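Let's have the full structure, built from the sequences with the hints guiding it.
Position 22 of the sequence shown, counted from 1, bears residue number 22 in the numbering used here, the numbering being contiguous throughout.
FYI, nobody ran anything at the bench for these hints, they're computed from the structure.
If you're wondering where the values come from, they're calculated on a predicted model, not measured in any experiment.
A portion of the hints provided could be inaccurate.
[Said to hold, decoys possible] Label pairs and their in silico Cβ distance ranges:
no. : residue 1 : residue 2 : range
1   : L52       : A82       : 39 to 47 Å
2   : T68       : R96       : 53 to 61 Å
3   : R89       : V60       : 50 to 58 Å
4   : L91       : T56       : 36 to 44 Å
5   : A73       : Q95       : 30 to 38 Å
6   : V63       : R97       : 45 to 53 Å
7   : T62       : P42       : 34 to 42 Å
8   : L52       : P4        : 52 to 60 Å
Every residue gets a Cβ at the ideal spot worked out from N, C-alpha and C, and that includes glycine.
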Amino acid sequence: MFRPKYPEAPTPPIVHVPTAIPTAQHHHAPACSCQHTTAPAPTRPAGALNGLNAGTVGAVVTVGIVLTALLAAVAVTAVSVAVAAVVMRSLLASQRRR
Numbered sequence: 001m002f003r004p005k006y007p008e009a010p011t012p013p014i015v016h017v018p019t020a021i022p023t024a025q026h027h028h029a030p031a032c033s034c035q036h037t038t039a040p041a042p043t044r045p046a047g048a049l050n051g052l053n054a055g056t057v058g059a060v061v062t063v064g065i066v067l068t069a070l071l072a073a074v075a076v077t078a079v080s081v082a083v084a085a086v087v088m089r090s091l092l093a094s095q096r097r098r
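If you want it as structure tokens, here you go:
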């Protein structure tokens, strides 16, 4: 009673996919009778991350942590200086009124 009734999905049509594709094989006679060597396989060029190892990753992570800690220290110092300035301003303003 409380369960929804879903419409029946139509069955998809059957599509025949060939499993083997016939290929044409061409055999050419060599142009000369001398021995040819195959070209060497291309090598992967040295990239920017070629010398990356665990020591490098550790150094980058350490520098990131140190810079984040310094940024947090500067932010805390700025907030505390701002609070001290507001308190000093309030004290000086109340002293002038007397």
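Structure-based check of all given hints:
1. L52 to A82: 39 to 47 Å: holds (42 Å)
2. T68 to R96: 53 to 61 Å: violated (43 Å)
3. R89 to V60: 50 to 58 Å: violated (44 Å)
4. L91 to T56: 36 to 44 Å: violated (53 Å)
5. A73 to Q95: 30 to 38 Å: holds (33 Å)
6. V63 to R97: 45 to 53 Å: holds (52 Å)
7. T62 to P42: 34 to 42 Å: holds (38 Å)
8. L52 to P4: 52 to 60 Å: The hinted range 52 to 60 Å holds for L52 and P4, with Cβ atoms some 54 Å apart.
Consistency with the previously given hints fails for numbers 2, 3, 4, ordered from lowest to highest.
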